[in-house]
Amino acid sequence: MKTLDVSWLPSYKYGHHSLMWWGLMGLIAIEGTALALAAAAYLYVWSQANVWPPNAPPELFWGTVNVALLLVSIVPNHLAKRAAEDGDDARLRLWLVVCLLMGLAMLAVRALEFTALNARWDTNAYGSALWFLLGLHTVHLATDVYDTAVLTVLMFTGPLEGRRHVDAAENAIFWYFVVYAWIPVYAITYWMPRLG
Amino acid sequence: MNPLLERTWRDTGFFSAINHKTIALRYIVTSFAFFVAAGILAALMRLQLAVPENDFIGPDLYNQLFTVHGTAMMFLFAVPVMEAMGVYLVPLMVGARSIAFPRMNAFSYWVFLFGGVMLFGVLALNIGPDTGWFSYPPLAGPEHSPGKRVDFYAQLITFTELAALLVAIEIIATAFKMRAPGMTLARMPLFVWAMVVTSFMILFAMPAVMFASTALIADRLVGTHFYNPAEGGDAVLWQHLFWFFGHPEVYLIFIPALGFMSSIIPTFARRPIFGYPAMVLALIATAFLGFGLWVHHMFAAHLPELGKSFFTAASMLIAIPTAIQIFCWIATLWTGRIVFRTPLLFVLAFFFILVAGGLTGIMVASVPLDLQLHDTYFVVAHLHYVLIGGAVFPLFGAWYYWFPKFTGRMMSERLGQWQFWIAFIGFEVAFFPMHTLGMDGMTRRIHTYPEAMGWGAANFISTVGALMIAASGVLFIVNVVRSYRRGAPAGDNPWGADTLEWATSSPPPSYNFDRIPVLGSEGVVVTGLAEKSREVLITTVVDAMPDHRLAFPNPTIWPFLSAVAVTVMFIGSIFTPWAVVWGSIPIVVGVTLWFWPRKDETREHLALEKRP
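Protein chains in written order, with my numbering: chain A, 9 to 204; chain B, 21 to 632.
One thing to keep in mind: the hints can contain errors.
[What the hints assert, rightly or not] In silico DMTMM-like pairs for lysine to aspartate or glutamate, Cα to Cα no more than 20 Å straight-line: (1) K21/A to E621/B; (2) K21/A to E624/B; (3) K630/B to D13/A; (4) K552/B to E39/A; (5) K21/A to D96/A; (6) K630/B to D96/A; (7) K630/B to E67/A; (8) K21/A to E542/B; (9) K10/A to E621/B; (10) K619/B to D13/A; (11) K630/B to D155/A.
[To be verified] Residues of chain A placed beyond 12 Å of chain B at every Cβ, according to the derived structure: (12) A64; (13) W70; (14) L79; (15) L159; (16) Y184; (17) P192.
Just so you know, the hints here were simulated from the structure itself, not pulled from any lab data. Even glycine gets a Cβ: it sits at the ideal position worked out from N, Cα and C.
Next comes chain A alone, as it looks inside the complex:
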């Protein structure tokens, strides 16, 4: 019987070769759709309103600090992804710890952001839509920070094998999603009420 021998093939691969990458893209498609719909609902409620926003818009300070933190976090996140792809455990541990600390800082700032929105979720439909958008993004941020924490602990304690580097690289991709998804949400919730 003629055969096709596959034993020489690698036992894991990065990027779109990886099965988990496709799972991750599916997740990003779902979560991206949910965020887009939450933004659409916000704009829909706006389209029905005579005055917008009915309250003062969110304070710019903490929101903008968080944008800066999120954008800066791309750097250690990128370096962690590189280290994972190079299979360099020492560098990966270092940058994962930096990412984790930055993530925790972002969650703390996010908590402060919620105190400076100038509307509660039960004030009116504007407040509901605003809280929903920010809340949805915060769930993703918290999830990713927790994922990073689990991976960081695992990188220190083991048990380790090569494919855990794929997990770390894909965690970095999800982090990119969390950062890039925030930009339109920030623009819609912090700036559009001021400009529009």
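With chain A fixed as given, assemble chain B onto it according to the hints.
The following block gives chain B in isolation, referenced to the frame of chain A:
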């Protein structure tokens, strides 16, 4: 049988089972049980409506019956059963040893099961949801529906959509990355194409209803105002969000059925399908157009007239890809040598029933006529023609077709034909009169009507038809049980079909294929995959070239325990919003332990490791 592979791939316990065939059969049996339960609710409603001014069932219970009937049929039967057929068949059809993410698959099943049990549990307690399967606010809002009934509805949606979204990811990853070498996209079976297209639609449609139901429950429980016009909200927002999901939902049910058709017709016409590229393109076109139709459910709401015209045009347009497929099937049948067996009969019913439903669809797609018929029994007739003709009849055909693969035994042909004719005639008797009732002005969701309306005769006939459908369901169950016990042995390929699931034994072993074939090279098989470890071959997306080996996870109890934790959180959140906080802790613990690698597994993987 390869004993080594069997030892590697078999499941190790009821609650930790992760084999895709085990999970899929549980999914199919469970969703069929929900189908029967929801069908019994329909029969009760038909008995109530059989004669005017009947007092068999009161208005409150009647409201619960039609709400749970619709909700269960859509969320607990139609979509899950189609996905479950994909979970069973897609890995086999692409020549893979497992579905992608098998633990997530098990998790999805348990979440689905617990959600369904919750819905029927609250109905049994007489606190079932009572605002219809699309629960429009303001009726479903806190002011007009106090109590917990609608909250159960909202959380049922969260349960079932979570389960469905996870399966969609698995099916896409399996079909794209786990095909046998040489099975290029252009050689992928049409059923797999149908499941891929369906899964993509799920990814983009279901978040809308999850968002809508979460906003609804938030309005009801924590005082948000999404749907409250007094505080700047808008009830029509719900309608947009719901139907942005709800219309694609019809296609989530219909497209897998098209996949059944495209599997069964060529087998019983004894020739390859006519127009494969046109079939694939038609499936994809249907998916795109399916997202542009949602407003046609809302013609009675106050919306811009220009917008309505657009949605009328789009609703007409989607008939084109459906027609392309119907003509391709007719061409396949026309030029083939037809063998009339039960699966084909059910599939042929599609042509009569779905096409009639499509015609009434074109009628209600026109705004002036829709305004006349909106919320009448005409729409009830239309939607049952489309869903039962378009999905349930092909699904029964699929069960007769693949039952030999699932169990290794044939179903009774005689009982099958009896079931078919009783179901087909019963369907027409039950639903055809509803067209005239609707045109005579009988509205949906009324628990009785005065004799003077003159609706008694048509309603009585309809009830007789419903009882015929119930009888055909009983015949089906008898046939399944009898055939499962003492049906004729099926052999690997009883129908002489040409897709890969027929190339392995019936039922297939836990590992699906002892030797994975290489398509396009006659007689060549894959070697070099570990047999002591759950290793699978990952291939490239378009050409299915061998890409890498991947060790799959072993069975574990954590998906089950995580699903229990999710259930506690979802149901707890109906009673206190803080459940979202404390309920998340066990979930986080559960999924972390689920992920956390075990030392022995890691050792096993390291022995097989080759860096890229």
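For each hint given before, does the structure comply? Return the numbers of the non-compliant ones in rising order.
4, 7, 8, 9, 10, 11, 15
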